[in-house]
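Enquirer: Taken in sequence, the protein lines are chains A and B.
Be aware that the first sequence starts at 163, since it is given in our numbering, and climbs by one per residue.
Be aware that the second sequence starts at 31, since it is given in our numbering, and climbs by one per residue.
Once the Cα atoms are required to be at most 20 Å apart in a straight line, the calculated SDA-like pairs of lysine to any residue come out as:
#, chain 1, residue 1, chain 2, residue 2
1, B, Lys-646, A, Leu-239
2, B, Lys-646, A, Thr-243
3, A, Lys-238, B, Tyr-567
4, B, Lys-501, B, Gln-447
5, B, Lys-501, B, Ile-541
6, B, Lys-134, A, Thr-243
7, B, Lys-418, A, Met-250
8, B, Lys-134, A, Glu-165
9, B, Lys-199, A, Asp-262
10, B, Lys-313, B, Leu-358
11, A, Lys-238, B, His-640
12, B, Lys-58, A, Glu-355
13, B, Lys-646, A, Asp-262
14, B, Lys-637, A, His-237
15, B, Lys-134, A, Glu-273
16, B, Lys-58, A, Glu-165
17, B, Lys-646, A, Met-250
18, B, Lys-55, A, Thr-243
19, B, Lys-134, A, Val-269
Residues of chain B clear of chain A, computed beta-carbon distances all greater than 10 Å:
#, residue
20, Ala-76
21, Gly-403
22, Lys-418
23, Thr-467
Some chain A residues flagged as far from chain B (calculated, every beta-carbon gap over 12 Å):
#, residue
24, Asp-188
25, Arg-193
26, Val-212
27, Asn-213
28, Tyr-287
29, Ala-298
30, Ile-306
Honestly, the hints are just simulated from the structure, not real lab data.
Predicted model, so just to flag it, every value in this text is computed and none were measured.
Glycine residues also receive a C-beta, built at the ideal position from the N, C-alpha and C atoms.
Residue strings, one per chain:
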Amino acid sequence: MFEPRPELGHGSNALCVIGRRSLTKDLFLDRRAFLNSYDYSSDPEGELLVNVIRPIGPVCGGINLEYYFSRIDNHKLGAGTKLPHNVMGLIGVANSSDGDLRPGLPVQMIEVHDPVRLLIIVEHYPEIVLKTIQSAPEIYEWYINEWVHLVVINPADKLLYHFANGQFLHYDPLHGEAEQMHHPHQVIANGVEMSSFEIEDATRENLPVFRINKK
Amino acid sequence: MVELIQFFAYIPLFGFAMSVMQNKKQEKSLAAILIATALAQFLLLAYMLFHWIRAGIPNLDIRQFTVLDTPQFDFYIDFYFDKTTAVFLLVGTILTLLVSVFSKYYIHREEGYKRYFNNIQLFFFGFSLLIVSGNFETLFIGWEMVGISSFLLISFYRDRYLPVKNAMKVVSLYRLGDVFLILAMWFNHHLWHSNISFSQLTDTITLTSKINEHYVLALMIGFALFLGASVKSAIFPFSSWVSRAMEGPSSSSAIFYGSLSIHLGIFLLLRTYPFWEQLTIVKVVIIVFGVITCITSNTIASTQPAVKTKIAYASITQIGLISIELALGWHNLALLHFAGNAFLRAYQILVSPSVLGYLIHNQLFHFTPRKEGLPNRLINTMYMLSIKEYNMDLAHYHYLWKPFKKFGTILGKLNPQVSMIIVIVLFGWGIYLDINTSDFSEWVLDLFAIIYSILSLLFILSSFSERASGKNAWNKVMAGHLFITLSISVNSHIPYGYLFLYLGCIAFFGILGLLSLINLEKTEKDISLHQYHGNSYEYSGAAVVFLIACLGLVGFPISPLYVGLDLLLTYIESHQYFLIGFTALSLLFIEISLLRIYTRLFCGQHKKTHHPIAYKSS
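Input sequences plus hints: build the corresponding full structure.
Expert: If you want it as structure tokens, here you go:
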């Protein structure tokens, strides 16, 4: 804590993929994805899926939410700057002796993180996924309250279904194919560099998804 | 070798000047200048120490240059170098170097990077000047600079409410210490009938005879010095400001309240030791208060929930011990203790944020429950006393600031027209008295001198509690200044040259401040002092200009007013207790009122909400 930067933490995470690893093979995700290996064919009724999906909301969705709120209003919802922080009783931080306890994340952590809600992608039949997320109220609240986005890849027709208003609706993505790239270093070198940061090759914006062309 | 001492003050001053001229965005160059300054100072010190130790550790003194030389007032800058200087300068330079390297990346991307480095430069200059000073006047320059840089660094996050409030608390107490020091200088002037340097204090024969002749006066000097030192070094009952001072970035807190600035009271006592070692009563008082400080700060430290305040009180405990050591005459031990404490606390504060990392594990796995032993009642009493910090802060507010503020509010209720007429009449009468001093008898002049000094105090207290208009508060302080000058001039006629120089400085800074206030009023419309406006968010340049005007009006050593104030006080005879008392009170509240106007107008939460604002409690 006495080294305010760099604060990479869970920097820039945005995606959580629950499915076979072949889904994301050869995709450049810029280290923004949680990848869970899960084979839908070995679990047709979704009994194992419950245990996989249960922690995703609080843990991964929670991470994104805390970065989100700390970013949109760092003074009230975040912790302000780390410099005057005073550790209070080993349970929290406050600004110096009379300050109130600061919730949220400090400025130094959220500066490199885009405020987005987590996007969860599950590879299973929509009916099974619906049954799974509705199995317990503490799981369902994450999805019905739109604290995270949920998209399902139906293995039957390979189409995307977005969870909205309590049901899965067909979703047509905006772009067709991802761009091709040969190696990440090329893209990073061509990208707009971050203005002042000690990390080498840091770009100002997050890189989009690319398809890696191995040839 | 003695010619080198002045450079210990010039190097930081040069660094400060260079740092002020840098562009705000140039983080690298700002940090580089500070590191270079500290490094240059360190190298010069190493070179000096090498030759100085080889020469047998002599006490070096040099009267560097004279600012004002009159028959009864001789204002000169004097430099002095002895083992106290060597130790303090060494510790100070190493710590500043350490903190500057640490801060280079620590303050990265903070809004106020340049402000931070400029303030550290100012502090380093004030500290160095103070340590190498050879007489009270030079010491006081450094003393004031350290005080103001502390104020500016505590309110570094000037867009929040708490840092600004706490900075005002701290600077009020600092000014109290300053006033005690001014009184000590005044008493000293009457004891010696000239401006002395510290090396003259080592002449024991003259000293003993002087003290025996004017024992009461010497005692007053001793107590004034002790009080001034105890405010700065947070000796009981002034220990409360240190925990409130931890509002700045950790690195600045480390260098100030952990280590350097807090030991300056100890430095003052060490420097003037040849004087008060002859006064046993003062020694006893120092030891008694040292013991009390030690015990109270220790108990307070054990009940603190926050790590930085815990370290602060632990530091004060050590200072209690150091003051006992130096009263007993064990100076080598005191210097060693100071060096150890300074380095330890600086390290602890810099590392303090990571206490979470290593202490949680320790507590979880090596927990030892409290042993039964003392009666519960005693434990609970001690706990309550300690957690309330022995009500020191409350006592300061209740017995020190509130009575004067209340008195000021009463004055504000007087009819402004009537009081204006009375004031103008009295002022005119005062000028007449001043011009024709020889026509009036002694007691008439004495009486009117006291009346005018009371009047000036009334003006200043009224400004202290002024809420309706910032301009009125400013004008009242100026009026207070004019009446102080009038009272002293009526008392014993000041030569017109000095009078006009003094009034000229007051006019310059007064008009500068008034113009910036009028300018602010044009765009902001509301410059009342009901709330914190936070105008430094939009008008950061105006904030600096107004601050300079405030400091100039206070007598900060950026103008001849500093010399003028000292000169003015010498015209008060040693038997005129009321006059010096009222004048000292006026000087105390002038700085507090002016800085209050500055913080209310320019600091605190910005009243406009077109950008994110923090909570008042954050």
